[in-house]
Amino acid sequence: MKVFSFHGGIHPPENKKQSTRASVRQLPIPKTLVIPTQQHLGLAADPVVSVGDKVLKGQIIAEPVGRISASLHAPTSGTVTAIEEQPVPHASGLTAECIVIESDGLDQWIEHQAIDYKALERTALVNKIRQMGIAGMGGAGFPTDVKLNLGSDHIVTTLIINAAECEPYITADDMLMREHASEILEGIKIIQYLLEPTHTLIGIEDNKPNAIRALNEALADADIDLDLVVVPTKYPSGGERQLIQLLTGVEVPSGKIPADIGIVVQNVGTAQALHRAINHGEPLIQRIVTLTGEAVEHPGNFWTLIGTPFSDLLSAADLKPGALYRLVMGGPMMGVAAETDAVPVIKTTNCLIAATESEMPEAPAAQPCIRCGMCEQACPAQLLPQQLYWFAKGKEFEKAKNHNLFDCIECGACAYVCPSSIPLVQFYRFAKSEIRAEELEQRKADHARERFEARQARLEREAIEKAERRKARAAEAAKAQAERKKQAANEPIKDDSAALKTAAAVARTKLKKAEVALKNAQDKGLDGVDTLQTTVDKLKLAANEAEQALQKSSTTASSTSITPKGEATVAKPDLKALKQQVSIIRTKLKKAEAAEEIDDSAIEALKTRLEEASKAHTDADNALIEKAQGAGIDLKQLRIDVAMAKVAVTKIERAISKSDDETEQETLKTDLESAKSHYDQLESQLKPYE
Amino acid sequence: MSLIRMSSPHVTRSNTSSGVMQLVLLAMIPGILALTLFFGWGTLLQIAICLISGLVFEALALRLRGLPISRFLGDYSATVTALLLAVSIPPSAPVWIGIVGMFVAILFAKQVYGGIGNNPFNPAMVAYALLLVSFPVQMTSWNLPYVLSGSEGWSIPALSDSLSLIFAGSSQVMDAYTGATPLDILRNRDGFTTEEMWRSDQTLIEGAAAYHAVSAAWFMGGIYLIYKKVFTWHTPVSILVTLGLVSAIAYGVDPSNFVDPFNHLTLGATMLAAFFIATDPVSSATSNRGRIVFGIGIGLLIFIIRTWGNYPDAVAFSVLLMNLAAPMIDHYTQPRSYGHKRPRLGPKGE
Ligand code: SF4
Ligand code: SF4
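Protein chains in written order, with our numbering: chain A, 1 to 690; chain B, 691 to 1040.
Watch out, some of these pointers could steer you wrong.
[Said to hold, decoys possible] Derived DSS-like pairs: lysine-lysine, alpha-carbon spacing no greater than 30 Å straight-line:
1. A:Lys401 x B:Lys1031
2. A:Lys669 x A:Lys627
3. B:Lys919 x A:Lys512
4. B:Lys1031 x A:Lys2
5. B:Lys1031 x A:Lys399
6. B:Lys919 x A:Lys519
7. B:Lys919 x A:Lys16
8. A:Lys627 x A:Lys471
9. A:Lys256 x B:Lys1031
10. B:Lys918 x A:Lys16
11. A:Lys607 x A:Lys646
12. A:Lys16 x B:Lys1031
13. A:Lys579 x A:Lys466
14. A:Lys512 x A:Lys471
15. A:Lys432 x B:Lys1031
16. B:Lys919 x A:Lys2
17. B:Lys1031 x A:Lys395
18. A:Lys669 x A:Lys651
19. A:Lys31 x A:Lys320
20. A:Lys687 x A:Lys627
21. A:Lys607 x A:Lys512
22. A:Lys615 x A:Lys540
23. B:Lys919 x A:Lys17
24. A:Lys17 x B:Lys918
25. A:Lys479 x A:Lys676
[What the hints assert, rightly or not] Restraint-style ranges between C-beta atoms, simulated for each label pair:
26. B:Val927 x A:Asp537: 39 to 49 Å
27. B:Ile939 x A:Gly394: 36 to 46 Å
28. B:Gly756 x A:Glu441: 34 to 44 Å
29. B:Ile939 x A:Ser358: 32 to 42 Å
Simulated from the structure, these hints should not be mistaken for laboratory data.
Since this is a predicted model, take the numbers as computed values, not measurements.
Note that CB positions come from ideal geometry on N, CA and C, so glycine has one too.
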């Protein structure tokens, strides 16, 4: 296999030996488990247990909300003692909703069984994976079902299994491969079954000879089609985009995801978890965590239940008293420093570094940038870190954006090499968040302005239209009166409006379908958008023609008939559907808000959608009222009249059934007759406006 | 439990700006030794003058700007500037030359722009150019080198002579030791061809060897710095290759009127410029491609100014002119970032 290369990269001291001396140990079950409801990208899961509930190991305790979310399971048997805010492993150092379980020490499994996945429909299998709570165990923790459930418009040519583990200190994947190579291969088979890639590659750094040997041995016995590619050790070869470049020579276009170019990357840990979930029925409730650093006596790797507080891990590895200075979750390059050891292990916690002060001292004070360009030599994204720094510092965000700030993967290679000890990554994070906030503001302002302008325009238009209508109405009324006198019993002329109506409806549906397809395609940035666009354009034209034909025929019809029947056939928005839409979006929004999404752009998007939908609804309603006005009808009044007429009819009907006097019944019946015809008439007037 | 909370990365390479500068100083030692060997104590005396005055001016400037003196003096950048100027001016130049030079370099070329990292021009070269323009006599009186095979009248000035030359400006001693540099001789040939000069002029023939040796010493130091990853090969290699190529073409066309490429590279300050001056990161282009363009520009300018210009050597002006062009070069040589088809240029990237 040819191995390509990527620009830049660094060779920090590996510090991996310390934690690979012993085999992976099972951590004792902690007394208390704290399970954050958000351990992954997307929305937090929704707890389905309540305080006091007894749970069994593997029992589902929180269900996914929305598409990008993952379910959670009880890591051991015990009692739910609280659902509350607790410190969580997040860069912000904030607290978040957690489910706290007091273990009963029995570690009693819920009933679970293997699934024959080959007998399952693909969507059913994806659903199963979602239920099992599998989320990426490498970096961001993207829910795995989402990555495996690509629409039929994504064709996967290459499946890449990320076994690079390029960050110093971390050895969790290394140990997993050494000890469970065949399980990983079984997991890969499941992914292959789902994605049907033409090509599967495992990318592994050459500093893991034991893992490579174990994988090769397992490969010899397994019936699986894949290539093991050994890449040179260089940070950050395990970065998704860098690994893709290393193995395929292809770059993922800026702003796209790998799936857009037919590549899916999964982590080895995820593959193994998939195998446990599908072939053994065990949801993702434990993982290997590397516990290392100079502040612990016995560094090593531990099978750890999700939700285990760091303090339990630290004591298992014999923390040297007083030595702990910095506690890093993840690797030294991209990891997050924890504020307290009460923070729990989550699905993405691959490593915990208990560092002493001499091991990770506080960074020296930053010196001025001397433009030495070392950062640029190191940057795997081929950016100009020194320029980005300059712009970020000077708050010239526009320029930073134009220098591709958003292609920065925050790998920290630049800050690592900088001789002036400038905390470059911090500056980039700051600039990114500022820009995001600014854009949000801008979007809000734009919306407000657009809304204001649209309203202004509408008011003007309405004023003009009103005046015109008043004139027209006066003229028409005079004319109609004259005509009514002349041809009191004139039959309305038959027309083929029914056929035209169907044609218009069909055209509309077709158009809508095509538009949805187009939007999907655009969202995912697929090829063929152009052809879809032309189709949509054509359909629009067709729909318009149909509509026009219909309108024409109805105007002819209405001009000859007395009642404003023509209005009935004018295409009208479906008020009910609109109303429904509004309420659906409102619920979604509420949920999203309750979930406290860190990234509020989703909420923002929902809000705008809600606004749009309710506006569409009121607009449609207003349009109807207006239209009715055009025909000389006060729609609101009419609605009331119809309701009253209906009440009158029912009243009379009831009276008839009660009365036993023949003559009285006779008169009542005539009354009923007239009431009914009055109601019918009103109803037919209202009909076009519903 | 109180743990330190810092953002990633949590480790950094233990290299510092001052460490980089120290390496540069280390790499200059062979060149300084060679200069002392062939041109006498003057070089060391000039270094002392520039160093002392440079540090005094730097401290003064930091004081005026209210910055911590110890921290910024410790970055060694003023030291490097002082050394570069000291090895560029004639070893027997009077004492005030070095002092005026450092005054310009530190106060005007560096601190006025906001100190280290902000100066658009190489401070040592600004000072050198200003001195050359203002005091052409003092700045062009180079010692005749001591040559190993040396005939009687030539030797390096004794320490006492150097001292009186520099501090008393004794013109008598001066005349005994100074003369035109080989590049000068080759330029002002009085109608002779270069071949004839090489055959007849003793100063040229024997002096060239000393200059070659000094160039070799700078070259060695430069290679060491590339090996130490203090800078990349791009700038020096493109300077040397460009100058070599252009002079080879000219020499190939008309050997009688052009200097051959080898001597272009080794007589004069080409090597010093290529490895120690043009590589100053602050004032050069920043991307690899940019540095190649930057180096090509310097190589071309050295050739042009040496051949047709009025000054004996051209590296200072070439470097300064390209310093001026560096921001533009940066703009047009932005690397293509990962995932992009081409670099973002145009007014938006301005
Ligand atoms: S590595 Fe540091 S000092 Fe060097 S150019 Fe980059 S930011 Fe400036
Ligand atoms: S953190 Fe960003 S700018 Fe720095 S090396 Fe990584 S990708 Fe490049």
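For each hint, the structure was consulted:
no.	hint	verdict
1	A:Lys401 x B:Lys1031	16 Å, holds
2	A:Lys669 x A:Lys627	36 Å, violated
3	B:Lys919 x A:Lys512	61 Å, violated
4	B:Lys1031 x A:Lys2	23 Å, holds
5	B:Lys1031 x A:Lys399	19 Å, holds
6	B:Lys919 x A:Lys519	51 Å, violated
7	B:Lys919 x A:Lys16	26 Å, holds
8	A:Lys627 x A:Lys471	15 Å, holds
9	A:Lys256 x B:Lys1031	13 Å, holds
10	B:Lys918 x A:Lys16	26 Å, holds
11	A:Lys607 x A:Lys646	39 Å, violated
12	A:Lys16 x B:Lys1031	37 Å, violated
13	A:Lys579 x A:Lys466	27 Å, holds
14	A:Lys512 x A:Lys471	38 Å, violated
15	A:Lys432 x B:Lys1031	22 Å, holds
16	B:Lys919 x A:Lys2	28 Å, holds
17	B:Lys1031 x A:Lys395	27 Å, holds
18	A:Lys669 x A:Lys651	12 Å, holds
19	A:Lys31 x A:Lys320	22 Å, holds
20	A:Lys687 x A:Lys627	13 Å, holds
21	A:Lys607 x A:Lys512	23 Å, holds
22	A:Lys615 x A:Lys540	23 Å, holds
23	B:Lys919 x A:Lys17	28 Å, holds
24	A:Lys17 x B:Lys918	27 Å, holds
25	A:Lys479 x A:Lys676	29 Å, holds
26	B:Val927 x A:Asp537: 39 to 49 Å	57 Å, violated
27	B:Ile939 x A:Gly394: 36 to 46 Å	44 Å, holds
28	B:Gly756 x A:Glu441: 34 to 44 Å	37 Å, holds
29	B:Ile939 x A:Ser358: 32 to 42 Å	59 Å, violated
Hint check: violations occur at hints 2, 3, 6, 11, 12, 14, 26, 29; the rest are consistent with the structure.
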